[in-house]
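Peer 1: Letter by letter, the chains look like this.
Protein chains: 2
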Amino acid sequence: MGSFGLSANNITHGTSFSADLEPKSFSDESKAVIDFIADYYKNIEKYPVQSKVEPGYLSARLTDTAPHSPESLEDILKDVTDCILPGLTHWQSPNFFGYFQANASTAGFLGEMLCSGFNVVGFNWLASPVATELESIVMDWMGKMLKLPSSFLFSGTGGGVLHGSTCESLVCTLAAARDKALEKLGGGFDNITKLVVYASDQTHFALQKSAKLIGIPPANFRPLRTSFSTEFSLSPDTVRAAIEDDIKSGYVPLYLCATVGTTGAGAVDPIEELGKISNEYKLWLHIDAAYAVELADSISLNPHKWFLTNMDCGCLWVKHPRFLVDSLSTKSDIMRNRSPASNTSTNAAPVIDYKDWQIALSRRFKALKLWTVIRKHGYSGLMYHIRSDVSMAKRFEAMVARDERFEIVVPRKFALVCFRLKPKRESEGSELNRKLVDALNGSGRAFLTQAMLGGVYVIRCSIGTTLTQDRHVDDLWKLIQEKADRLLSLQEPEHASR
Amino acid sequence: MGSFGLSANNITHGTSFSADLEPKSFSDESKAVIDFIADYYKNIEKYPVQSKVEPGYLSARLTDTAPHSPESLEDILKDVTDCILPGLTHWQSPNFFGYFQANASTAGFLGEMLCSGFNVVGFNWLASPVATELESIVMDWMGKMLKLPSSFLFSGTGGGVLHGSTCESLVCTLAAARDKALEKLGGGFDNITKLVVYASDQTHFALQKSAKLIGIPPANFRPLRTSFSTEFSLSPDTVRAAIEDDIKSGYVPLYLCATVGTTGAGAVDPIEELGKISNEYKLWLHIDAAYAVELADSISLNPHKWFLTNMDCGCLWVKHPRFLVDSLSTKSDIMRNRSPASNTSTNAAPVIDYKDWQIALSRRFKALKLWTVIRKHGYSGLMYHIRSDVSMAKRFEAMVARDERFEIVVPRKFALVCFRLKPKRESEGSELNRKLVDALNGSGRAFLTQAMLGGVYVIRCSIGTTLTQDRHVDDLWKLIQEKADRLLSLQEPEHASR
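As they're listed, the protein sequences go chains A and B.
Quick note on numbering: numbering that gives the first Met the number 0 labels position 172 of the first sequence as 171, and the sequence is numbered without any gaps.
Quick note on numbering: numbering that gives the first Met the number 0 labels position 420 of the second sequence as 419, and the sequence is numbered without any gaps.
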């Protein structure tokens, strides 16, 4: 802090800090921003979905040092309009079909405001008891909605925690599995180079990154091959063979990650069979998303994707919270819990210290957001949202299937449709479809992303922003046909000139 | 997702999703929540600072399953009042003097709203170019305000990233240092058990946790002893001796963490001397907070503590971004950047993919929040805020020093005062001061935390919530004297009865 100026000399009375968080100005300025955001949603279809700026555009528009004196909200919002909006790729646009959605909702926004307004740091129970208690209740609510077995619920023998992302859940469960395995093997961390992590080659790269992060040698990561024959899901035989091979070579199988709805193709790994293999070889089984999970050790799912919860909000459930806490807990006098009323240390009492369930010490009161979302939509509303997205994806899939110039590359899973324009020669497939994606995104009227599946370039249409309705899907299909027409008509002369 | 119900049968039309994010209702409901939060700030001094609830209180007040049908905002806010508020420990109360503050501000809240409203996921440049570009600009702004050398700025040869917490910065820099060292040593991860991490015994426990998380054997973590003689700062001689010892035993010194303002006593490690040692032995030097940092490899500082930025917002600067990216980068087709206008892949262009600077893939647009805070307060306003907190801490320190029943245990650092009630017998010091903390926190009129320093139980008074003014500090001191009077008067008879 030192050079930031700790002497009391030369104080410039900028903002009067006694006025900060003052209810009247807080309320007035916040409402001006609300109006600004409401206006943004009103006009959201007018912006090009994918930003059209060039790298480096912003440095030409902003100063290269911070302003010395306070600026007005009006000036700031003017710059948001002039400088920030053009650089956004609009994830909340109803014409955003890229990646997987991050669907915001009014309830998610309201919950986020409450979280930010209270701005408490619930690293342990005492630091704000409700942050811990609401989180454990909401994790059970979510778990019950997903029909998780009671072995993952606090009301059963497990429990759940809100993380910022799946990556964090992977890092924490990998570390827990690692430490449990190392303890069993004896010899401390010397055996870390023997541990092996398994997943399909479709598994989110977050797993590979997380495994390396916790010290698993990159060579001990097994991305097992998948193919069209299983619609890119993991074959149990492949898993078993890899495990047997590793055991013969003196390795120790540690962790298997199975996915329900992979990023590329939406593939669903055969959870039950993988569960049996994991139990047989005593691997930690983590399931990314939640489905038929009895045999798993941990499960993660992101409400900030499909559950109308503004960023960030990820759920992790574990069957044996003890392993997580054993691996991630720390001792500190400052953090010692003390229940004031009973005047007994809660280190003895049955409270959860969520800091021992995650990477960081500090944590936001995200449970308040998820709670607001669940209450404001209800189970029925959330179901309706998901079913309506799936129904729109079916509608889109049917339109694509009816046009013989196109093909559905792998059968639709949930609300993800993987398709492509059929090339005349297979070798031209990638280039043709890359051009189509560029034409679609360059139009500003829609945004889609791509994936390579078994060497085939596919266009992914992921349906699920909060604002997307049937008409947006119909418009998307019209746009795709229009761009395909142009591309195919251009293709002939181009070929002729070669 | 499966059991959540993907068939279109039996759809209950709960919330109409075509109405979600609809500007009018979004605006009306958001403004109702703004009024609620403004009212909370208005009445914040009326609540007991530390929550008085008992463990488990909330499960008696909420249902154990999610509601089936949507509920109204009115009902939800009523439950926030009835169920949530009693369980909060009020971090934004002007009478909160515990831990280190998490000071919210109007500007921080406005920025958080914009971030949450746009709800973009800027994992790479393309996913929302402005999220990346604003972040790199704001990191340079912050770096210049802190007078960091240009070797840590994008305008120089380094760069910065916004993380959620210091822990994340530690994990990422430790992994970068680890992978750089392992590559140099050859032999892959086999040498991981030789790597050693150094810090003082006052260093935040996040470092020990992070080191273990990335696979450094817990036995290779050296929490070097500090004492009253150096005001709990790390002695360079101790560091040098530990490094020499380790080298003789065949270990490889990897990483040294120095702190400016430790959690317990606010101790300031001798950065320049530690920098020289680190350079001599080629250790990665990380500095937690920013001061005299020329010789460091990385620096972290949390605007969500003292810089009026609502949770969460942590800054990390690195001198060689390449090491971070080498350790944390991943390849994925879906994430491939493509600048639409130039139609060239930005893998070749000089854009930053922040996913390779952090643990998770997904990330919020936190730069918008920090940018709003800096602009709305200006450099002068932020300086004023920090200086005014330090000035209040001096005022408090002087009052404590004038009362001979008390002592300042270590000299004040920044805005943290560590003091205690002098015990008659040293063996009674912990119990006496523990009772004082309990009496203070139990009163509901203030909240403080404690630390053990060289075996001495000290009370920490950390000054810096946004709403704290001189009168709150004066009231705190009156309260402390009042509780001390009672405690000391009770003490005699109690001793007599033993």
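Calculated from the structure, these hints are not laboratory results.
Accuracy of the hints is not assured; some may be wrong.
The list cannot tell twin chains apart, which means a pair is met if one copy fits it or any two copies do.
With a straight-line Cα cutoff of 27 Å, these simulated BS3-like cross-link-like pairs (lysine-lysine) come out [said to hold, decoys possible]:
id, residue 1, residue 2
1, LYS77, LYS23
2, LYS45, LYS477
3, LYS143, LYS77
4, LYS77, LYS193
5, LYS183, LYS275
6, LYS183, LYS143
7, LYS23, LYS45
8, LYS30, LYS77
9, LYS421, LYS275
10, LYS45, LYS421
From a predicted model like this one, the values you see are computed outputs, not experimental measurements.
Peer 1: Evaluate LYS45 and LYS421 at a C-alpha cut-off of 27 Å and name the case that applies: within, between, both or neither.
Peer 2: For LYS45 and LYS421, neither the intra-copy (32 Å) nor the inter-copy (68 Å) Cα distance is at most 27 Å.
Peer 1: Regarding LYS77 and LYS23, is the shortest C-alpha distance of 27 Å or less found within a copy, between copies, in both, or in neither?
Peer 2: both (22 Å within a copy, 22 Å between copies)
Peer 1: Within a copy, between copies, both or neither: which one fits LYS45 and LYS477 at a CA-CA cutoff of 27 Å?
Peer 2: within (18 Å within a copy, 60 Å between copies)
Peer 1: My question is about LYS143 and LYS77: at a cut-off of 27 Å on alpha-carbon distance, are they close within one copy, between copies, both, or neither?
Peer 2: between (45 Å within a copy, 25 Å between copies)
Peer 1: What label fits LYS183 with LYS275 when the C-alpha limit is 27 Å: within, between, both, or neither?
Peer 2: within (21 Å within a copy, 41 Å between copies)
Peer 1: Taking 27 Å as the upper bound on the Cα-Cα distance, should LYS183 and LYS143 be classified as within, between, both, or neither?
Peer 2: neither (33 Å within a copy, 50 Å between copies)
Peer 1: Please work out whether the CA atoms of LYS30 and LYS77 approach to 27 Å or closer within one copy, between two copies, in both situations, or in neither?
Peer 2: both (16 Å within a copy, 21 Å between copies)
Peer 1: Indicate which option fits the pair LYS421, LYS275 if close means a Cα-Cα distance not exceeding 27 Å: within, between, both or neither.
Peer 2: Cα proximity of LYS421 and LYS275: none, with 40 Å in one copy and 63 Å across.
Peer 1: Could you figure out if LYS23 and LYS45 sit no more than 27 Å apart (CA to CA) within one copy, between two copies, both or neither?
Peer 2: Between. Shortest inter-copy distance 18 Å satisfies the 27 Å Cα cut-off; intra-copy 34 Å does not.
Peer 1: How would you classify LYS77 and LYS193 at a CA-CA limit of 27 Å: within, between, both, or neither?
Peer 2: Answer is neither: 57 Å inside a copy and 55 Å across each miss the 27 Å cutoff.
Going through the hint list in order, the structure does not satisfy hints 4, 6, 9 and 10.
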